[in-house]
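Asker: Protein chains in written order, with the working numbering: chain A, 221 to 1224; chain B, 221 to 1224.
Treat the hints with caution; some may be incorrect.
With the Cβ distance kept under 8 Å, some of the chain B side facing chain A (calculated, not the full set) [as the list claims (entries may be wrong)]:
| # | residue |
| --- | --- |
| 1 | S290 |
| 2 | T292 |
| 3 | N293 |
| 4 | Q295 |
| 5 | G298 |
| 6 | Y301 |
| 7 | N476 |
| 8 | E478 |
| 9 | P479 |
| 10 | N483 |
| 11 | V491 |
| 12 | D521 |
| 13 | Q525 |
| 14 | D526 |
| 15 | D655 |
Everything labelled a hint here was simulated from the structure, so no lab data went into it. Virtual Cβ for every residue (Gly too), placed ideally from N, Cα, C.
2 protein chains.
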Amino acid sequence: MLFLTPLLLLAIGSGSAGPINNCEEEDVAATCGFETCPQTEPGLLNVHLVPHSHDDVGWLKTVDQYYYGSKTNIQRAGVQYILNSVVNELLNNPERRFVQVETAFLWKWWQDLSERKRNLVRQLVNSGRLEIIGGAWSMNDEAAAHYQSVIDQFTWGFRKLDEMLGNCSRPRVAWQIDPFGHSREMASIFSQLGFDGLFFARLDFQDKKHRLETKTTEFIWRGSPRNLGDKASIFTSVLYNHYSAPSGFCFDVLCNDEPIIDNKRSGDYNVPRKVDDFIKFCNEQGQYYRTDHILVTMGDDFNYQDATMNFKNMDKLIKYVNAKQTEGSPVNVLYSTPSCYLKAVNDANLTWSVKEDDFFPYASSSHSYWTGYFSSRPTSKYFERQGNNYLQVCKQLSALAGLDETGLEDLREAMGIMQHHDAITGTEKQKVADDYSRILYASMKVCEGAINEAVSKLSAPHPQMTVAPLELDSCLLLNVSQCTVSELSSIFVVTVYNPLSHPVSHYVRLPVLGSSYSVLDPTGEEQVVQMLPLHPAILTLPERISKATMELVFRAKDLPPLGFRSYYIRRENEVAKEKTEEVSEVREEDAVIGNERIQVELDDITGMITAVINNGVRLPVTQDFLYYKAYAGHNFGEKNRASGAYVFRPSEHDPTSITNNTNSVFTIYKGELVEEVHQQINSWVSQTVRVYKQENHVEFEWMVGPIPTDDSVGKEVISRFSSDLATDGVFYTDANGREMMKRRLNYRPTWEVQLEEPIAGNYYPVTTRIMIRDEEKSLELAVLTDRAQGGSSLHDGELELMIHRRLLYDDSFGVGEALNEKAFGTGVVARGTHWLMAGSRNENGMTLSAESRELVQRKLLSPRVFLSTLHDVSFEQWKNSRTMEFSGMKEALPINVQILTLEPWKNGTLLLRLEHILEKGEDPQLSKSVTVDLQKLFAPFSLLSAEEMSLGANQPLSEVHRLSWRIEHERRKSHKSRQATVQDSSGVTLGPMEIRTFIIRVKW
Amino acid sequence: MLFLTPLLLLAIGSGSAGPINNCEEEDVAATCGFETCPQTEPGLLNVHLVPHSHDDVGWLKTVDQYYYGSKTNIQRAGVQYILNSVVNELLNNPERRFVQVETAFLWKWWQDLSERKRNLVRQLVNSGRLEIIGGAWSMNDEAAAHYQSVIDQFTWGFRKLDEMLGNCSRPRVAWQIDPFGHSREMASIFSQLGFDGLFFARLDFQDKKHRLETKTTEFIWRGSPRNLGDKASIFTSVLYNHYSAPSGFCFDVLCNDEPIIDNKRSGDYNVPRKVDDFIKFCNEQGQYYRTDHILVTMGDDFNYQDATMNFKNMDKLIKYVNAKQTEGSPVNVLYSTPSCYLKAVNDANLTWSVKEDDFFPYASSSHSYWTGYFSSRPTSKYFERQGNNYLQVCKQLSALAGLDETGLEDLREAMGIMQHHDAITGTEKQKVADDYSRILYASMKVCEGAINEAVSKLSAPHPQMTVAPLELDSCLLLNVSQCTVSELSSIFVVTVYNPLSHPVSHYVRLPVLGSSYSVLDPTGEEQVVQMLPLHPAILTLPERISKATMELVFRAKDLPPLGFRSYYIRRENEVAKEKTEEVSEVREEDAVIGNERIQVELDDITGMITAVINNGVRLPVTQDFLYYKAYAGHNFGEKNRASGAYVFRPSEHDPTSITNNTNSVFTIYKGELVEEVHQQINSWVSQTVRVYKQENHVEFEWMVGPIPTDDSVGKEVISRFSSDLATDGVFYTDANGREMMKRRLNYRPTWEVQLEEPIAGNYYPVTTRIMIRDEEKSLELAVLTDRAQGGSSLHDGELELMIHRRLLYDDSFGVGEALNEKAFGTGVVARGTHWLMAGSRNENGMTLSAESRELVQRKLLSPRVFLSTLHDVSFEQWKNSRTMEFSGMKEALPINVQILTLEPWKNGTLLLRLEHILEKGEDPQLSKSVTVDLQKLFAPFSLLSAEEMSLGANQPLSEVHRLSWRIEHERRKSHKSRQATVQDSSGVTLGPMEIRTFIIRVKW
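Make a model of the complete structure from these sequences and hints.
Answerer: Next up, the structure:
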């Protein structure tokens, strides 16, 4: 729905500025959608054959190897062949159908097509013979993926689909057939993306059994029962036979099932047997589903490379099975699609049960809990999260500087790839992981160019003035405290960009070689600088080539929203003003670090924390490193299952402690900006615990590895926080960085779980945050992560997060390698951060929960520093030649609202998403609805128009018409999408957890 | 060319009764043929990529398994997918081309196609994008296949091609890429079929090396230098790289070569390397060929099941290789076909060398002489030859009785399949061999129905009268002396059909249970009957279920040409008139069997022959059974090569004798019709040597097996004839049953051979006959076989034939099984016949060579007996109800002319072939040209018109225009096809070895 202020009317034509389509809206209604569905036979069991191919965007081979079909010795899989041969076969017979999922591959293929072929493909799409489902760049993981990246990758997939294929390609079905468990947030996102149904294959084997027995394989899944209501609910269908063809009916070149041999004179004539087997299968499946329709997946991983085989045999199968109807067979087979199946089920007008929890953790059998991948490849998971931060910064800066999208596209695609359920999950082969890093790094470098251009433009002293590019360096190796510019330059500028929609202060840390630096803000005011030695452990990292042993710390205070401030830094020749006190002989009273609000008590023998005092409330909290010994097995039989890239299976119930309690080495540093303790836990685990002076949390910067395996034991390292909170077996983990899910030890909400793996079976994905709560004391303990990890609370008052894994056995779920990451000839070292919050409300009455949400945002969209070397340029010269401070916003948004997306969009428009970051009831004040005036948001431009879109930005929200479903024990509610609440102003109201999406036209 | 007698003018319209085509002749010239060839680039090396798939009509899998693609565990091969996906891909890009070879598969596929798809395929053919080459039912073997069956299977393939695809599908190129050696007769046949060129891959490795070095990989092969001249010559090209794609460029789903990865951003971008490699390959190959064109095969066994892969990558290869031309690369790659390559080579107008011998034996390396398959699976080879006899009888009777073709089609197809180079060769897996037998047997049973109908019709007392079918039984198990009718009936009729074009007498042998029978000819005259005991060895055959121990023999005298005579046989109750004398106590003077013309002297101790006296000339001849011990190896390295289904490799130079010279058991039987000696050589070899009273040859009916292998030694059994003829290392073997090839020990006519396998390397295929000659004494010794075998003359005066093989090791050329045939739990028993002729000219001055040719025909087209039980029908009753004698011919043809083909053809026409069966100079009289009057040939109908056709009957002879080639050291001759020599009469003149083909219209 378009809303216009009088001002905006100028710019808009006769009222409809709909998206640029290949076909008129009326045409679409007439030629695509459910109208193109095949006819079914009432009274018979209608078997919807769904020809599909599951094409991993990287796994055993790289994305390109899969696309081109190289490295057949690893896997015979070439997506270019799948798409080619499928299209050929669809053209041969109008009955045939196929569904295409991963837009990353479709786009690669599209670029190779002639215009003639493209038109044929469009015709197939328009007539429903080639249906796009899913449609995101990749089929994203649901445990480790962050909602921001998920929404991005759907948006980008949809955008490309629209460009290639037009409106009829708009997907109606979410198709998550392979991800290893399913999050409720994804159900919510899918609903908001406009999907009518969700199909998946993997759920706990006990759950599946239970659902089959109770005929609840299909249901309405409420993705946001507390916050968003029905607009986040989606009809969900659990596939019957994984996502494979029925046994004996895989006609693919990768299979060995017998084709249909219908020459009666042949010695191998097999029609009667094949038909009987198939009918038997259908009747069996039919028992477990409630309508006269069943969906039979006809495909598997990388199937249809030789679609001729598949379709030729399916044609015959359909022909001969249906021929049996004259003999009274009740089975009617047809080529169909998930949408058409969905429509048929919807037409049955039944009442469906409801689910409000999620499908984590996924167990494929009693000793195979797929909870290892929550933590597998921690460095990749970190890099991916950095990629998101970088992409958001790049998008915002491109939009604010009026750049086009070209600089963004690679990183959009790379981040789409990274969301794939074998990428961010860490379940790919090592060489593929390397290639993901290569792709992500290369695309970040492209974005760096755009950022450079944008910041250069925005820092020009006059808007019209062209200035030399700043040659910003992103110093992507700051995670190992390495940065050429800060180390080697005697004068340099640090530009700190804040991607948040409100001001934020940020402690900048830079490795330096000098001992004394002056830091000037744009007003020329000298900033407080604290020099800190690096933790000795970091100095020995083999991948680190820096000579820096010290870090310079200063606080970039109140950075403008969507804006930056530059700091002029000069190395001073004078002797260091020692601003950091080193406490090496620790007395008990010294063993505290902290600030006015929060203090951390340390054990004076071990240096480990013993308590956290927040606003005067003291919580005994300890933190330890431990490891689980990984089960070593060769997967002969379920009991011999190894802990691997997917599966977490400890061989002992209790983890082994790493913390040396008697002979620890630690050093405490205190200064004006930060107090921290450097702990050396053992030879391969170290940690810095720090509290910044003006922060509300404790930071644990751990470094783990190389995990030793000379004892031939794989190890899965955890960081465990223990408190005396009475938590009654309950803890909370976030779903994809958004809503919190309540977890209960040894419990599943919808069935009586039998846990033969009491550790792994209680692990849940922690995308950004895990919490426990003492209801009685009204105290909470929250740990925030800098990447996705697995976590649990196995004992009351405890929280544990798995931070690193090194394994010696493959778990036999396909990857074919033990998760034994190596670098420089030894195991990989992972460095990361946990942020601990503890207590109840803060001084402003803000709940810890709300406060930690705000912190999550600050860490996710952490200010980004860019460094530029200056050569003999004085501060004054610099200040005169550059604008050193810029804000993209006219005024800051309220703390509970964030600009989720701001990026250049097609035809000079911008894509804008606003989100309310709190849940209902999370905070008395901040959980309330908020109204934002779009006109007052942005500084560099004013709004001409804004059209509200569905979440994926591929359809005006007003045109979203989802199927209605009847729900058990409830009056039927319409699923009408939210209409723009404000029609004649630019005010946008956001309820808790709400995200609203706009395509805006602006005037500079 | 049509020729008409005045009489015939009546029936013919305005002068053109050309074949029924889909397009006018003019259209054909305009739209297909060389005109559709792609453009080449003068001055560059034009690389003709030839996309092809080599699709065995059975090998590791049965024909149907290959067609449907089942049993992928054995081999991933499904021809239906190849054809489907290739056609799809051809339609996608008009540049692409493909060649299709085996019509057996094309026909199966065609029947599944919609009319729409058929039209698309026709368009592809008409535009040259899908080119048919070869085009026979299968790609026939060249060693064991008989020319009659070869011509039949080409004719049938061409016929189906024409029906499916019309004129433009007429093949111009013979494509024998896989057969294991190449016969000169095939070159002759290909020429007469109208082919412009012949391509093959397999020739002796030394020969290939020599040809590459001397740039004689392409040449003119004279297929009949003595007899047919240029019309039997063909341009021949030896493929460079077997028939595979260049190493690294197999883009097939069965290969693992890297695809072309042309995304420069991909980590695997490989265009420069791929292009360089390919150009290097082309330049290398180009060195060995004489023109600016090379043919590069892009295919292999069962390639193109997923043609998308192949073509997508070839498109790119062409694009990127040709793009290098701007940088000076001399290579121009194009999609092409063998015809188009051929035309380009022809356009070069070079002068070519000539070859007049053949390409046998084929050796792939120094210890791998592919001479084992000449004899592998002797029982299959026999059954195939019987199939041909049966098919000719069936064809002739169907034609003579005016039946249509429906009864014939199965056997035509089955015999086409049997000619395949893994069928008649015996190089298929056991299960496939079983399936071939099943197919052949089933199709013979269908033909039996046609024969029954025809004979019933022809034996009706009045032409208009409908009589009950005769219920003829072919008694196909007479080869193990078993026949239900003759054994169990007290009265039965034997109808003996003579497929020869002149009268013949035939000794009928029938197993019976009674001891006395009367046999009446149609005049009621009682025939001489001789009762003979069966050789005891046959009685113990496990597969034999007959109780008969005796055979009844009578002579069916002067059977009419293309006619039959019935004999009324009644079992008599009287005591047997003993007509056979059993000689068990052999005195020296008794140890002779024979007749007035020919006598065989036997050793009175062993019963083995010692001499043959023919027309009074005594030739000392002995015959022995021996075996070669097979080399046992696992094929690790060439020296470890085993003797196997393909390869013959004895482990010792001298064969081991089987004949027991001291303690043999033998019995001599003499009677009015035949004299014979029953020899028991050892426990698993036996033999009957016999001379019929009115025959010119000695018959050796051997029975070998089960060959014992309890000593873990494979054995290859030979029958060896030794004489004192001075043969100087020279012997003669027939090529496919036609012209004789001169062989010389340890010698090849075109290069200096180095033989590391002195036995196997001197073996040659014997399709019907092997001979030696003492030039000085003007004496010859000829052995005729009843099936194809390998044979040699390793010492002067000797002839040996390999009659059975049982091996314990695979020779690692693909079949993956040791040739260890089993039946009833033990090794298979083979029973067969050699016919020996010895001496010089006969009493009429006919040379032994000519006489043995006549005998070859008599054995090949041996009269066929059909039996019918009568129930209480007297001779008179029978005689009155049936015509007991019929001749299809008005008058017999001269002895040197044979009707090679007479069969129902399309639209009520008949197909007629006449052949001259002698070579030039073989006999002073019979080798002369003969003129036959077509009008006087047939009894049941008169000729309305006859159109002379090319040998394959797919083109009027007058329209055959083959390419002309210049030959070294010779004036260029035109290859003009023979015009019908007689234009205004029905006289047809045949020179030596000439075959002429007509489509005739007849009036009944």
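Asker: Give a verdict on every hint.
Answerer: Each hint, compared with the structure:
A distance limit of 8 Å between C-beta atoms decides the matter here; for B:S290 the minimum to chain A is near 5 Å, and the interface restraint holds. This hint holds: B:T292 has a C-beta 4 Å from the nearest C-beta of chain A, less than the 8 Å allowed. Because the closest C-beta pair between B:N293 and chain A is about 6 Å apart, less than 8 Å, the hint holds. The beta carbon of B:Q295 comes no nearer than 11 Å to any beta carbon in chain A, farther than 8 Å, and the hint placing it at the interface is violated.
Evaluation of the B:G298 hint against chain A yields a held restraint, the C-beta minimum of about 7 Å falling below 8 Å. At about 5 Å, the closest approach between the beta carbon of B:Y301 and any beta carbon in chain A falls short of 8 Å, and the interface hint on this residue holds. About 4 Å separates the beta-carbon of B:N476 from the nearest beta-carbon of chain A, less than 8 Å, and the hint is met. Interface hint status for B:E478: upheld, as the beta-carbon distance to the closest one in chain A is roughly 5 Å, under 8 Å.
Annotation: B:P479 was flagged as interfacial toward chain A, and the flag holds, the nearest CB pair being 5 Å apart, inside 8 Å. Because the beta carbon of B:N483 sits about 6 Å from the nearest beta carbon in chain A, less than 8 Å, this interface hint is met. Interface hint at B:V491: violated, since its Cβ lies 11 Å from the closest Cβ of chain A, which is beyond the 8 Å cut-off. Of the supplied interface hints, the one on B:D521 is violated, with its beta-carbon coming no nearer than about 16 Å to a beta-carbon of chain A, more than 8 Å.
A distance limit of 8 Å between C-beta atoms decides the matter here; for B:Q525 the minimum to chain A is near 6 Å, and the interface restraint holds. Among the interface hints, the one on B:D526 holds; its C-beta lies about 4 Å from the nearest C-beta in chain A, closer than the 8 Å criterion. Hint status for B:D655: holds, given a least beta-carbon distance of 6 Å to chain A, under 8 Å.
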